[in-house]
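Protein chains: 2
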Amino acid sequence: LTMKSKTMKEKLIRAVSILLSTVTVFALMGCEQANLNVPEAKTETTAEASKVESGDGVTEDATSQYQLEQVVVLSRHNLRAPLSSNGSVPQELTPHQWIEWTAKSSELTTKGGIQETNMGQYFRKWLDKEGLIPENSIPEGEEIRFNARAKQRCRATARYFAAGMLPLADINIEYPSDSNDLEDFMKPNLKFYSDDYAADAQKQVEAMGGDAGFEGLADETRDAIKLIMDTVDMQDSEAYKSGKYGDLMTDGSGYKMAADEEPDVTGAIKTASQVADALILQYYENTDSKAAAFGHDLEQSDWAKIGGLMTRYEEIKFGAPLVSVNIAHPLIQELEDELQNEERKFSFLCAHDCTVFTALCALGVKPYTLPDSIETRTPIGVKILFERWRDQAGQAWYRVDLVYRSIEQIRESSVLSLDNPPMRYDLSFEGVETNEDGLISEADLLGLFDRTLAEYDELLAKYTGETLDKAA
Amino acid sequence: LTMKSKTMKEKLIRAVSILLSTVTVFALMGCEQANLNVPEAKTETTAEASKVESGDGVTEDATSQYQLEQVVVLSRHNLRAPLSSNGSVPQELTPHQWIEWTAKSSELTTKGGIQETNMGQYFRKWLDKEGLIPENSIPEGEEIRFNARAKQRCRATARYFAAGMLPLADINIEYPSDSNDLEDFMKPNLKFYSDDYAADAQKQVEAMGGDAGFEGLADETRDAIKLIMDTVDMQDSEAYKSGKYGDLMTDGSGYKMAADEEPDVTGAIKTASQVADALILQYYENTDSKAAAFGHDLEQSDWAKIGGLMTRYEEIKFGAPLVSVNIAHPLIQELEDELQNEERKFSFLCAHDCTVFTALCALGVKPYTLPDSIETRTPIGVKILFERWRDQAGQAWYRVDLVYRSIEQIRESSVLSLDNPPMRYDLSFEGVETNEDGLISEADLLGLFDRTLAEYDELLAKYTGETLDKAA
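Sequences listed follow chains A and B, in order.
Under our numbering, the first residue of the first sequence carries the number 12, and numbering increases by one thereafter.
Under our numbering, the first residue of the second sequence carries the number 12, and numbering increases by one thereafter.
Hints are computed from structural coordinates only; laboratory data are not their basis.
Small disclaimer: the values here were computed from a predicted structure and weren't measured.
It is possible that part of the hints are untrue.
A pair counts as met if it fits within one copy or between any two copies, since identical chains are not told apart.
[Stated by the list, open to error] Cut-off 27 Å, straight-line C-alpha distance, at most; resulting in silico cross-link-like pairs (DSSO-like, lysine-lysine):
#1 301 - 252
#2 140 - 115
#3 162 - 356
#4 136 - 115
#5 356 - 115
#6 237 - 255
Generate coordinates for the entire structure from the input sequences, incorporating the hints supplied.
Here is the structure:
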């Protein structure tokens, strides 16, 4: 009990000290970055600049004087078939036939399973090289943990990764179900809600479109939506001609929130994003680019534009600080618990793009644009790695990276290895310094989590009247 | 106890009735087929003829009136690095550098893991289509079993296959170890031994070379050995020049047996087979055929010739009936137990090429030559499938097939699916009839196992004086 109080007190001190310096900036700036009207050339420059700016330059060499102690992974599932609930939308909105998906709606595809297996194989080699987990070892006790949301694609992703990483170990993939009392801590729903909260969140969302709000967003996304429509020849589909989906060029979009629910974007941007989702998956699954674009000649920049619409949709839906801090709250707690689990060497938590996205937004990630990806924030199968490294003086440091396959690595099913590694991108966080090797001190890293938890408590108190004590 | 006696009695009756009709033929003919001096064109004709002759023409259509009830799989491991104990031989016997294997000596490679995962994915789709195991099910109780020899490559093969076949299930891969009392029933060693036995077995082995015995085998294999030597430029290697390995063109070969041990081939054929093993693995791993042949231009028929030497080596080492019936005995028992396990829907037992080979030889398989493979008996990752199908009258029937990847499917890492299935070859057995759909009756199939077990008991009694009762 005393121990616990002490930890609590330390956490509060850390949180308050960081809050004082950063919370204002953080709360104001939000988590969005993409502006679809930025010209292409500019986008590339931005990507480069962003890499230099927010990537903290950590390389393998930079960690050579440190010993890897722990890796906590938060992963998006790998390639899936289009979502069941949306299945009819992309099907209805084109006169063309989508490829034959190798899985039922929303489930992991064959290619997704193979790529995640191989990602696990890469981790096996990397963790062995770093001396954390010998490649043929069978972890004991609490050394490793695999957890997934109950969806088939999440559990299957965890399974394939586990087989590739630890082929000799019998791994239990835990997931919340009716027959156990595990918490669904990665569920992307609102954890608290009030009318005032919804109104303020709505304002943050609208602000993404500038002074013009949703009209600004409509203007900004119109070109990308047009490209998506043209690629699937939407105007030749019976459903579109019937008017059932309105006019994606002139209809606006909206934002809906309800207690305990996942927020929702409505209107043209949502419809376009559902078609874009299927298009991008088809582009990943089919190495024939022309066939993937239903016979149209698309440049890679066109695919990036289609991916950009998806990213913008994700930002609108989950990127407002009031939204991400709310939704990600139990996950942030779980992640901090994992990081502080002294026995744990490796954790793998698997859910969705929005899980990765809300966690990073809630933690105050600095804007970033992933290179060699058409999904520049949370590409398929992407993983956040929270890595703890110990220096020779006994001090612990953290590196927070995104690891993902490049477009080509996905489409060509490249075999990843230490010589052909996946993409790795160093993340930075608002108000958090790094040392000369680009690493974050343990106090700062845990402070990052604590300030996010404190922010949640503050919002909870503000909007629902629940106090910190009451919530604790 | 009564039940058991009854079963025993039934088994004996079945065994005796089949023995009477077939044991003489069976004991005389052995399990060898390859003769490396057969001209290439002839070999292809033989392969075709063999396919028509011994393949029983079972197609998917043939089973459409039957319901699949059970599948027992005996699998060879997938792609590995060259064996540790032999590692120095292929390394020493070439001036060239072998490719960088993606695994330690004898362990499953990255490509092997990916291909086995995908084979599991294929089985997942096939078993779902046949209505035996729904693709996202989690088997209960004794429905499934995964067992492997303790070697890394065997356990890892089982793991990858299991992940691909049952991505949602936590699978226990059982294997014999010091910490459990599981029997190593796939160990390729002699189960009984005496001087008389060794002398008789030796005669069977020598007979494979015709009247000239091992000299005949030397003559027959000389061209293939020369091709292997030329491909690795063996004569330019320091080790070969030093005389350490003798003269593979003129030295003979021999056969060694000892109690409880794996039999061994000695001399030129063994040395050549160790180099051929690494060459074939390099050919599978490296899609650049010229690089795989160290810069030489080899035709596919050349690779088949190199593979043929491997097959001949396997036949000499394990193909004599006295040897295969002896070694495979506990596995034959285990397989029959699996087939008679009423709860079991699917079993996966994983070991080596010799495991698959000795089991088939012991069961009296009719000679076969697998198409589209350079390892025409037990290609990498090959599986024997014992499938039980029930007809509409309630009668049970069996199909025994080999399932494997074609050369191209291995080298190009083709993604297997119901539309792009692996190779499937129907096996036939001496003295066993098939029905109009090419299926074997339950009594005949179990009789096949019983006659093999009876043959073992007979040999045991003959060579060691142990009687059936004593052994039982």
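**OP:** Please write out, lowest number first, the hints stated earlier that are contradicted by the structure.
**Re:** Checked against the structure, no hint fails, so every one of them is satisfied.
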